[in-house]
Amino acid sequence: MTNSLVLLKALDVQTWTYILVGITFALYISIAIWSRAGSTKDFYVAGAGVSPLANGMATAADWMSAASFISMAGIISFAGYDGAVYLMGWTGGYVLLALLLAPYLRKFGKFTVPDFIGDRYYSKTARIVAVFCALLVSFTYVAGQMRGVGIVFSRFLEVDIDTGVIIGMLIVLFYAVLGGMKGITYTQVAQYCVLIFAFMVPAIFISIQMTGHPIPQFGFGSELSDGSGTFLLDKLDGLSTELGFSEYTEGSKSTLDVFAITLALMVGTAGLPHVIVRFFTVKRVKDARKSAGIALLLIVVLYTTAPAVAAFARTNMIETVSNKTYADVPEWFKKWETTGLITYEDKNKDGIIQYVADEKTNELVVDRDIMVLANPEIAKLPNWVIALVAAGGLAAALSTAAGLLLVISASVSHDLIKKIIKPTISEKGELIAARLSAVGAVCVAGYFGIHPPGFVAAVVALAFGLAAASFFPAIIMGIFYKKMNKEGAIAGMIVGITAMLLYMMKYKLGWFDDALPNKNEWWFGISPEGFGAIAMCLNFVVSIIVLQFTQAPPKDVQNIVENIRIPSGAGEASNH
Amino acid sequence: MTENEKAKSYWKENIRYVFILMLIWFLVSFGAGILFKDFLNSIKIGGFKLGFWFAQQGSMYVFVVLIFVYVYLMNRLDKKYGYDE
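Those protein sequence lines, which keep their order, are chains A and B.
Position 174 (the first sequence) corresponds to 174 in our numbering; numbering is contiguous.
Each number in our numbering corresponds to the 1-based position in the second sequence with 576 added.
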């Protein structure tokens, strides 16, 4: 017994990583084999028989991507107060989902978001526009996920990024193609457990180290345990201004821009097809409401911890390296330097690290991603904790990628093939088509993961803007505005998504000018990330104006709307 | 009450709940966390400036509570109108 304990302690990070990642992958694969899909209903909506708790966990894992797990705390750590746009934006959307969308879409009881748009707006054109929007949103999002999988693999398993992407593709392929929504749901339940454990363990350790408080959410607002009696946040504000940054708790974005970005992210969250479709998998309308609450609760566990981790890591980093002699820096600094994620250039040749806001004299550049990845090492935590972070990051990236791939395959096999191209296709034929589209989608996503077009990283955040500008208004009016007709909805979606794409191409990608336009050319000072809020308003306005000049929807469509407003009799999701 | 009147009255009550809860949703996030942040920052609770706390912690706790309150209210409403199952 004592011998094995000694052995466990002696294992290095690499071995621990192989062990933990191996165990979790074996778990995901066994779940996939156990929950194979037998019908299109299993494949698209897990047979519509998932319990609210399981659906809440699956939604939370589906939702929290590599970006939430790895990058978010790092972003906040450099943005301070401004990081709140992600925290409020990516959680507040669930209130919209629970109160305005999920119950009604569940009652409607079909398989996909374009299903709803196509039926509610009694039009093939509306369905095609919706399919196009769903594919655009999901592909921009999934390419980033596959890249994330590759990066996590390469950093922890010492393979190159491309090999990492291919391993990730094979795993996702296996359980998405075999299990469809059913397989994905239950693997996501397991992935939630892995990722939340992996996120919380280091956070708790660090909170205890820095403030003596085991709950990071409280440690965040406590005094430092160094005996100085200073509050952590006051200390951090002081350190930040000393180095020439703006105060940590103040931020630097304009209030209007913070408002717009938060709104765009909230509404975008509520309009993302891979999130909405999760609410088609439960039995009853009341389960849809309840699982939205459980999902948000489980998400908020991570989302309220992340800003605490951000503040701990920022303080820790400044104190460890700022104005210290380069020769004396700890081992982790050198290690991450070799990966290029930390760069130090001794501009004034004094051998001391000057970390300041002014770019001319600043000598240290730290990649924001390592705030979470290197945190356990910076805080000198045991090897198994470091390995756990790798397993958690992979769980986060894989679960989101799988959810997105399912939306893409359902859009192709159900919305395009079954509903538009070949309505006579048999149940069996559609299931084969669904599996083949999943394979195709994985290959395309993998291709983008290996050869990321320069603009992918830039546009992933904008997937929210696209969803906000297209789906959200069409769905909301479909439920709450009985008289809204197809002409209004189609015009609104087209204008909204076009405006968003154009603004993004001009101000994010700089395709219309020789160089990226300056920030002060932004309309009303609103960034491309926040423009989704404006494009959404545009969508609403255009829809309502067009409605005035066109015919009200037919009586049977108005009856559909009255019917979805009543929760009882949701029955099972049907294939018509 | 006819079926139609029942459905209308149910919908009206639902809209009222949604309206009140969305108002709170707006006040804690866009209000306390963004628009009135500077004013609230003059109040300090523990190590937190209040506006900053709402933006990075408080609004999210309220969001969770709002959904569960809605779940509770709607389950009660469904029962009242016989729409529960």
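Worth flagging that the hints you see were computed from the coordinates, not collected in a lab.
Quick caveat: nothing in here was measured; it's all calculated off a predicted structure.
A hint or two may mislead.
[To be verified] Among the chain A residues that face chain B by a calculated CB cut under 8 Å, a handful are:
#	residue
1	SER51
2	PHE132
3	LEU135
4	ASP234
5	GLY238
6	PHE259
7	ARG289
Positions of the beta carbon are idealized from the N, C-alpha and C atoms, including for glycine.
So, going through the hints one by one against the coordinates:
1. The closest approach between the C-beta of SER51/A and any C-beta of chain B is roughly 15 Å, which is over the 8 Å cut-off, so the hint fails.
2. Restraint check, PHE132/A versus chain B: the minimum CB separation of about 30 Å is more than 8 Å; hint violated.
3. Because the beta carbon of LEU135/A sits about 30 Å from the nearest beta carbon in chain B, more than 8 Å, this interface hint is broken.
4. Look at ASP234/A: its Cβ gets to within about 7 Å of chain B, closer than 8 Å, so that hint holds up.
5. Look at GLY238/A: its Cβ only gets to about 13 Å from chain B, farther than 8 Å, so that hint breaks.
6. With its C-beta approaching chain B no nearer than about 5 Å, PHE259/A sits inside the 8 Å limit, and its interface hint holds.
7. With 8 Å as the threshold, the beta carbon of ARG289/A comes within range of chain B, its nearest partner Cβ sitting at about 5 Å, so the hint holds.
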